[in-house]
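Undergrad: Start counting the sequence shown at 1; every next residue gets the next number (full-length UniProt numbering).
Among the clues, some could well be false.
Stated by the list, open to error - What follows is a list of derived Cβ distance ranges for each label pair: (1) 207 / 359: 39 to 47 Å; (2) 359 / 2: 46 to 54 Å; (3) 246 / 223: 37 to 45 Å; (4) 172 / 81: 18 to 26 Å; (5) 266 / 359: 51 to 59 Å.
What the hints assert, rightly or not - Here are the simulated lysine-lysine pairs, BS3-like style, with alpha carbons at most 30 Å apart: (6) 72 / 291; (7) 289 / 191; (8) 243 / 191; (9) 385 / 191; (10) 385 / 289; (11) 243 / 291; (12) 359 / 385; (13) 72 / 243; (14) 146 / 191.
Derived from the structure by calculation, the hints contain no laboratory data. For clarity, every value in this text was computed on a predicted model and none was experimentally measured. All C-beta atoms, glycine included, are put in the ideal place defined by N, C-alpha and C.
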Amino acid sequence: MFRIRYIHRPCLQVIEAMLVAAVTATVAFVLIYSSRDCQPLQGSSMSYPLQLFCADGEYNSMAAAFFNTPEKSVVSLFHDPPGSYNPMTLGLFTLVYFFLACWTYGLTVSAGVFIPSLLIGAAWGRLFGISLSYLTGAAIWADPGKYALMGAAAQLGGIVRMTLSLTVIMMEATSNVTYGFPIMLVLMTAKIVGDVFIEGLYDMHIQLQSVPFLHWEAPVTSHSLTAREVMSTPVTCLRRREKVGIIVDVLSDTASNHNGFPVVEDVGDTQPARLQGLILRSQLIVLLKHKVFVERSNMGLVQRRLRLKDFRDAYPRFPPIQSIHVSQDERECTMDLSEFMNPSPYTVPQEASLPRVFKLFRALGLRHLVVVDNHNQVVGLVTRKDLARYRLGKGGLEELSLAQT
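Make a model of the complete structure from these sequences and hints.
TA: Shown next, in the form of structure tokens:
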């Protein structure tokens with residue numbers, strides 16, 4: 001939240017990244033100097049061992065954990081023989097690296113949480129295995145490398161809350177299917193325990209960034225809400241034959257930022273119009289770009305024909321409306337939307353419950369849902385953002401503020 005509120009300017013973001021890098025390097029050197037955990041080079045699997053503050057023929061295990069790439073450090077924790085790491089070294093490294101990873105996550109740099117989570121989990125997992133070996137002696141099941149693997153899976157699973165996909169990833173990474181079942185048990189346990197206390201990191205980040213993301217199920221206390229209460233209104237509708245100038249004004253208006261517009265029948269401005277279809281903003285942009293107009297003086301003139309290739313060529317980066325020039329004479333022309341609109345859009349009545357609307361969006365992958373009355377007249381429009389505003393909080397159903405996209 002601190003970054004979102006106060007660190008907006010690029011110069012502040014660069015300064016923050018430099019500060020984190022300086023603190024990380026300083027803390028690492030202090031730990032390396034104070035630990036002096038020196039291990040013999042013979043029998044080590046490290047490709048580039050670091051001798052820092054150690055005698056010839058030895059390497060510093062704390063330096064190897066900090067200054068090797070995280071991937072190589074994870075491999076070392078998995079495969080190095082027992083005795084390669086001091087328990088104090090692993091404990092200090094786990095604690096410090098965890099707080100540094102929490103501070104680093106969210107910086108305006110290309111940094112993630114996947115590999116650091118594996119490294120943190122492998123460190124405390126190996127520490128747990130070493131503790132078991134002290135208690136049980138030289139038991140074959142007390143190999144620290146095995147517990148490093150389980151710790152890495154538990155740490156990552158507790159953060160991202162994925163089970164099956166992480167099991168496959170861990171099995172592919174280790175090239176060993178023997179540990180597939182215990183890894184699955186560890187990941188399921190981590191997810192269940194984590195869900196008791198708080199939601200996953202990615203879900204929290206989606207909420208902090210105000211991204212309109214829909215969960216799998218509607219909030220359990222939302223059955224009393226109807227489509228009338230969550231829909232956006234008033235809705236900007238277009239007629240089957242609409243003036244080009246009106247379409248340009250609608251697309252240029254920041255208030256009507258929907259990506260879909262209901263198309264209604266051609267009646268008088270004072271009479272309610274029934275729904276005829278739905279047309280997307282991207283389709284209107286392509287029609288304006290290719291000047292698919294009907295001349296004002298001859299309303300029966302055949303329009304220019306468009307091919308499917310014209311729409312595919314514009315996908316996915318459709319030009320903004322500001323880049324399309326429409327002259328004053330062209331604004332007086334009309335556009336026949338009946339050929340390009342969706343004549344059978346999904347609709348719901350005003351009394352439809354929020355869980356029903358939610359299921360339609362999730363099951364059909366909708367972006368827009370038109371709300372109509374008993375006479376099939378448009379009264380509102382439900383979008384993903386309208387549904388994502390509601391979530392179940394500690395005090396009941398909460399309404400969130402979402403980012404403008």
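Undergrad: Next step is simple, just say for each hint if it's right about the structure.
TA: Outcome of the hint check:
1. 207 / 359: 39 to 47 Å: violated (22 Å)
2. 359 / 2: 46 to 54 Å: violated (38 Å)
3. 246 / 223: 37 to 45 Å: With a Cβ separation near 40 Å, residue 246 and residue 223 satisfy 37 to 45 Å, so the hint holds.
4. 172 / 81: 18 to 26 Å: At roughly 24 Å between Cβ atoms, residue 81 and residue 172 fall inside 18 to 26 Å, so the hint holds.
5. 266 / 359: 51 to 59 Å: At roughly 34 Å between Cβ atoms, residue 359 and residue 266 fall outside 51 to 59 Å, so the hint is violated.
6. 72 / 291: violated (58 Å)
7. 289 / 191: violated (50 Å)
8. 243 / 191: It is violated: about 55 Å lies between the C-alpha atoms, which goes past 30 Å.
9. 385 / 191: holds (28 Å)
10. 385 / 289: holds (28 Å)
11. 243 / 291: Measuring from Cα to Cα gives roughly 12 Å; hence the hint holds.
12. 359 / 385: Given that 30 Å is the threshold and the Cα spacing comes to 15 Å, the pair holds.
13. 72 / 243: violated (64 Å)
14. 146 / 191: Given that 30 Å is the threshold and the Cα spacing comes to 20 Å, the pair holds.
Hints 1, 2, 5, 6, 7, 8, 13 from the earlier list are contradicted by this structure; the remaining hints agree with it.
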